[in-house]
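Trainee: Sequence:
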Amino acid sequence: MKLLLTGAVALALLAVGGNWLVTTVRGRGNPSADIIGEGTEILVERWCLVCGDYRPVDTGFPWQGKNREQLENLLGQELSGARILAFSQEQVVIHFPPGYCEKCMAFLPQQGYISLTDGNQLAVFSQDGTLFKTYGEAPGAWLSELTEGIPFSSPQDCLDWIVNLTS
Numbered sequence: 393m394k395l396l397l398t399g400a401v402a403l404a405l406l407a408v409g410g411n412w413l414v415t416t417v418r419g420r421g422n423p424s425a426d427i428i429g430e431g432t433e434i435l436v437e438r439w440c441l442v443c444g445d446y447r448p449v450d451t452g453f454p455w456q457g458k459n460r461e462q463l464e465n466l467l468g469q470e471l472s473g474a475r476i477l478a479f480s481q482e483q484v485v486i487h488f489p490p491g492y493c494e495k496c497m498a499f500l501p502q503q504g505y506i507s508l509t510d511g512n513q514l515a516v517f518s519q520d521g522t523l524f525k526t527y528g529e530a531p532g533a534w535l536s537e538l539t540e541g542i543p544f545s546s547p548q549d550c551l552d553w554i555v556n557l558t559s
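Heads up: the sequence shown runs through residues 393 to 559, numbered per our numbering.
Accuracy of the hints is not assured; some may be wrong.
Simulated restraints on C-beta separations [as the list claims (entries may be wrong)]: (1) Tyr527 to Gly452: 28 to 36 Å; (2) Asp549 to Ala478: 28 to 36 Å; (3) Pro489 to Asp520: 28 to 36 Å; (4) Glu430 to Thr509: 46 to 54 Å; (5) Thr539 to Glu470: 36 to 44 Å; (6) Trp439 to Glu461: 22 to 30 Å; (7) Pro489 to Gly528: 24 to 32 Å; (8) Pro490 to Leu466: 17 to 25 Å; (9) Asp520 to Gly431: 48 to 56 Å.
Simulated from the structure, these hints should not be mistaken for lab results. For clarity, every value in this text was computed on a predicted model and none was experimentally measured. Backbone N, C-alpha and C define an ideal beta-carbon position, used for all residues, glycine too.
Using the sequences plus the hints, can you model the full thing?
Mentor: Structure follows, in C-alpha cells:
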C-alpha cells in the first residue's frame with residue numbers, strides 16, 4: 393500500500409512539473425510573454441492637473457500584438473514618463489504623465505486672458521471680457537502682470553499659465 397501511495401505522489405509531481413515545463417516553453421508560464429490581443433482590456437489614464445482626478449485618455453497608439461517589452465519601447469519613444477502599472481493578456485493599465493483632461497480643456501475659451509477680478513482673485517476671461525472661472529487669491533509675485541492681463545491663445549496655453557501661477 394505504501395509503495396502504491398508513493399508511486400501515485402511521484403506520478404502527480406511528474407505531471408505537474410511536466411505541465412509547468414510545457415507551458416513555460418510555449419511562453420504561457422512567463423508573464424513577460426503575454427501579448428495584447430483583441431479581448432485585452434486597455435485602460436490608459438492621466439492625472440489632470442486642474443481637476444485632480446485620473447481621467448481616461450483616448451490614444452492613437454497601436455497596442456494589439458505587442459508584448460510588455462515592445463509596449464515599453466513604444467511608450468519610451470512616443471511619451472516619456474508613461475508607466476505600465478499592469479500587463480497581462482486580460483488587462484493592460486498605463487498611466488500617462490500628468491496633464492489636462494478633455495473635460496477641463498473643453499471648459500476653457502479658445503483665446504482670452506488671465507487677470508484679476510475686483511476682489512484680487514485670479515481669473516480667466518474670454519477674449520470679449522466674459523469671466524469664465526476664478527481660481528482663488530492671486531499670487532503676489534504676479535500682481536503687476538495680472539493687472540495688465542496675461543493673454544493666452546489656446547486652452548492648453550491657459551492651463552499651463554494657471555498651473556504656473558497657482559503652484
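Trainee: If you check the beta carbons of Glu430 and Thr509, does the distance land in 46 to 54 Å?
Mentor: With Cβ atoms ~52 Å apart, the hint holds.
Trainee: Holds or violated: 48 to 56 Å for the Cβ distance of Asp520 and Gly431?
Mentor: holds (50 Å)
Trainee: Can you let me know if the beta-carbon spacing of Pro490 and Leu466 is within 17 to 25 Å?
Mentor: holds (20 Å)
Trainee: If I claimed the Cβ atoms of Tyr527 and Gly452 lie 28 to 36 Å apart, would that claim hold in this structure?
Mentor: holds (32 Å)
Trainee: Quick check on a hinted range of 36 to 44 Å for Thr539 and Glu470, using CB atoms only.
Mentor: holds (41 Å)
Trainee: Given the hint of 28 to 36 Å, is the C-beta distance from Pro489 to Asp520 inside that range or not?
Mentor: Check passed, 34 Å falls within 28 to 36 Å.
Trainee: Within 22 to 30 Å or not, the Cβ separation of Trp439 and Glu461?
Mentor: holds (25 Å)
Trainee: Starting from the range 28 to 36 Å, see whether the pair Asp549 and Ala478 falls in it by beta-carbon distance.
Mentor: Because 34 Å falls inside the window, the suggested range holds.
Trainee: The hint says 24 to 32 Å between Pro489 and Gly528; measuring C-beta to C-beta, is that right?
Mentor: holds (25 Å)
Hint check: no violations occur; every hint is consistent with the structure.
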